[in-house]
Amino acid sequence: MPASSGSRRLESPVMHMTPADRGLAANLRRWAPGYLFILPAVTVLTVMTVYPSLSLLRLSLTDWKLTGDPKFIGLRNYVAFFQLPASWRVLYVTGLFLVWDVIIVFSIGLAVALALNQRIRFRGFFRAAVLIPWTVTAVVAGVVWRWMLLPEAGVITYLLSRMHVELQFLLNPTLSLLSIILVDAWRTIGYAAVFLLAGLQSIDPSVYEAARVDGAGAWANFRRITIPLLAPSSLVLLILLTIHALNTVDVILVVTGGGPMRLTETTAFHMYKEALYYFNVGYGSAVSVFLLIANIALAILYFRLLPGGAQETT
Amino acid sequence: MRLSSHSAKDRTARAVTYGFLVAFLVYSMFPLGWMLATSFKPEDQTKEYPPRILPKTFTLENYQRVLTQTLMPRFVLNSLVLSGGTVIAVVALASLAGYGFSRYHFPGKHVIFLAMLASVMISGISVIVPLYIMFLRLGLLNTYWPLLCIYVTQALPISVWLLKAYFDSIPRELDESALIDGCTRIQLLWRVILPTSKPGLVAVALYTFVVVWREFIIAATFVGKESLKTMPVGIYMFFTELGIEWGKLGAASMLVALPPILIFFIFQRWFNPGAITGALK
Numbered sequence: 071m072p073a074s075s076g077s078r079r080l081e082s083p084v085m086h087m088t089p090a091d092r093g094l095a096a097n098l099r100r101w102a103p104g105y106l107f108i109l110p111a112v113t114v115l116t117v118m119t120v121y122p123s124l125s126l127l128r129l130s131l132t133d134w135k136l137t138g139d140p141k142f143i144g145l146r147n148y149v150a151f152f153q154l155p156a157s158w159r160v161l162y163v164t165g166l167f168l169v170w171d172v173i174i175v176f177s178i179g180l181a182v183a184l185a186l187n188q189r190i191r192f193r194g195f196f197r198a199a200v201l202i203p204w205t206v207t208a209v210v211a212g213v214v215w216r217w218m219l220l221p222e223a224g225v226i227t228y229l230l231s232r233m234h235v236e237l238q239f240l241l242n243p244t245l246s247l248l249s250i251i252l253v254d255a256w257r258t259i260g261y262a263a264v265f266l267l268a269g270l271q272s273i274d275p276s277v278y279e280a281a282r283v284d285g286a287g288a289w290a291n292f293r294r295i296t297i298p299l300l301a302p303s304s305l306v307l308l309i310l311l312t313i314h315a316l317n318t319v320d321v322i323l324v325v326t327g328g329g330p331m332r333l334t335e336t337t338a339f340h341m342y343k344e345a346l347y348y349f350n351v352g353y354g355s356a357v358s359v360f361l362l363i364a365n366i367a368l369a370i371l372y373f374r375l376l377p378g379g380a381q382e383t384t
Numbered sequence: 004m005r006l007s008s009h010s011a012k013d014r015t016a017r018a019v020t021y022g023f024l025v026a027f028l029v030y031s032m033f034p035l036g037w038m039l040a041t042s043f044k045p046e047d048q049t050k051e052y053p054p055r056i057l058p059k060t061f062t063l064e065n066y067q068r069v070l071t072q073t074l075m076p077r078f079v080l081n082s083l084v085l086s087g088g089t090v091i092a093v094v095a096l097a098s099l100a101g102y103g104f105s106r107y108h109f110p111g112k113h114v115i116f117l118a119m120l121a122s123v124m125i126s127g128i129s130v131i132v133p134l135y136i137m138f139l140r141l142g143l144l145n146t147y148w149p150l151l152c153i154y155v156t157q158a159l160p161i162s163v164w165l166l167k168a169y170f171d172s173i174p175r176e177l178d179e180s181a182l183i184d185g186c187t188r189i190q191l192l193w194r195v196i197l198p199t200s201k202p203g204l205v206a207v208a209l210y211t212f213v214v215v216w217r218e219f220i221i222a223a224t225f226v227g228k229e230s231l232k233t234m235p236v237g238i239y240m241f242f243t244e245l246g247i248e249w250g251k252l253g254a255a256s257m258l259v260a261l262p263p264i265l266i267f268f269i270f271q272r273w274f275n276p277g278a279i280t281g282a283l284k
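Residue numbers (this note's numbering), protein chains in the order written: chain G, 71 to 384; chain Z, 4 to 284.
Simulated from the structure, these hints should not be mistaken for lab results. Heads up, the beta-carbon is just placed ideally off N, CA and C, and yes, glycines get one too. Careful, some of the hints might be misleading.
[Claimed, not checked] DSSO-like cross-link-like pairs, simulated, lysine-lysine; straight-line CA separation at most 30 Å:
#, chain 1, residue 1, chain 2, residue 2
1, G, K141, G, K343
2, G, K135, Z, K228
3, G, K135, G, K343
4, Z, K228, G, K343
5, Z, K112, Z, K201
[Unchecked claim] Derived coverage of chain Z by chain G (criterion: at least 3 residues anywhere in the stretch with Cβ under 8 Å from a Cβ of chain G; other residues may be distant):
#, region
6, 64-77
7, 99-112
8, 126-138
9, 147-158
10, 249-257
Based on the sequences and whatever the hints tell you, model everything.
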């Protein structure tokens, strides 16, 4: 077996043989500790992912409402989803939310990361401070922002009206979605900024020095060096943010509860309400399957785009 | 090598950078500051119009009421127990698995590692329904077992990845000299590798703690019994039942926002969600 890390191992005749030469007992003895070390973690993960996934598929084919026995109804839940006019609105809202949430979080996060990457004092302090909103639970964040955006009494609404801008944040469907995005962005931008900052800091400064010697200006530096070298991290972050937005339920629940009139319901929220409020377990499972497929598709994209490819991780 | 920073262009750039960061900081802190200010206002002043920032009358009655007349202290304790338990479980499992992936080769290792990373996509809200049914049937609703299992599942992949990367950077010579001295592999892990990996362990612990501490939806789904509710669920209860008493809500919010912020400031040097990118280089 090649010594991949290049380190010298304790010599023994067994080392120079291939697995095929050694015989089963010797092989098992070599492999056993590795398997044993990873066994607890792998067991937990397997039980908690494989069983629920299969169960989800099975549940989605029933009309179970948690009372009585589940009855097999085939693909009727899926058909029902596409036949409900509300479903198309839910998908539309999901799309809007995904696009705007990711764009806002990423662009402001990038700006913050670029700022943090400069030679400034108190960088550690700023870096910690931008992460603080990330530590705040969705309920508190949602409550505080909702309160600031209240019609009339809310601080933000009030300040805006003093500038002759009248915005009824929580009564207007579009503004309600914006409010949710605002809250989620508030919590997530710090995370994105720190993520991108790590990417920025891993760019060798001598590259910039070489460019400066060649007479490149700041903008050219940014375009020709920063953007290409930051691209891998950026793509990874974009996918992580998309997955995060796709699965967000708590902020929506607290800020608008899906309203006004269910007009801020995303797919995840719709699924949660159907399955765990109305106990429409069968139908909710079907919607979950859509969510799962979307997540898996994004995960595949994520692995394709990992810097250096997944091969390097082992 | 630093170039001279005295040119006018440099100075403007730095001013802009500082200005932007300060503005962003204000944006980040303003809601919390507002909450803090409101928590010191007597209830009738919290809804005044036009809204004022600073309290006209400073009072501690909200804090006093929240601490003595509500279940908030209980909720915070519950959250501490759950977060602490999850951190211990994740650090233990991830250390073992990270060590296994780092130091050993065995058939399927690559596939298993990738599958582990992929599993995080199946562990979120998408499978909450079958998980609910599963724990319902096991009679484990209104205990912390479902939450522990789910949170561990969500935190393991990234933690194993991070710790494996850390362990990879520890030279094997260290392992070998310890083994020559007569250590078993477990002792090697416990006495040699882990102490050397403190930053990685702290990062895993901190990340896991904050993620569990602030989590709301899953906690609300599996634990309905009031005395067992975690902090976010408890606060949500106030929000809907108390007809929104903003003063008390503010006080409760400040109390629960504090622990992670404190822990965070103490340990933030080690926290780096972008470490994955760095670790892969």
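Right, here's what the structure says about each hint:
| no. | hint | in the structure |
| --- | --- | --- |
| 1 | G:K141 with G:K343 | holds (21 Å) |
| 2 | G:K135 with Z:K228 | holds (22 Å) |
| 3 | G:K135 with G:K343 | holds (13 Å) |
| 4 | Z:K228 with G:K343 | holds (20 Å) |
| 5 | Z:K112 with Z:K201 | holds (25 Å) |
| 6 | 64-77 | violated (count 0) |
| 7 | 99-112 | holds (count 11) |
| 8 | 126-138 | holds (count 12) |
| 9 | 147-158 | holds (count 4) |
| 10 | 249-257 | holds (count 3) |
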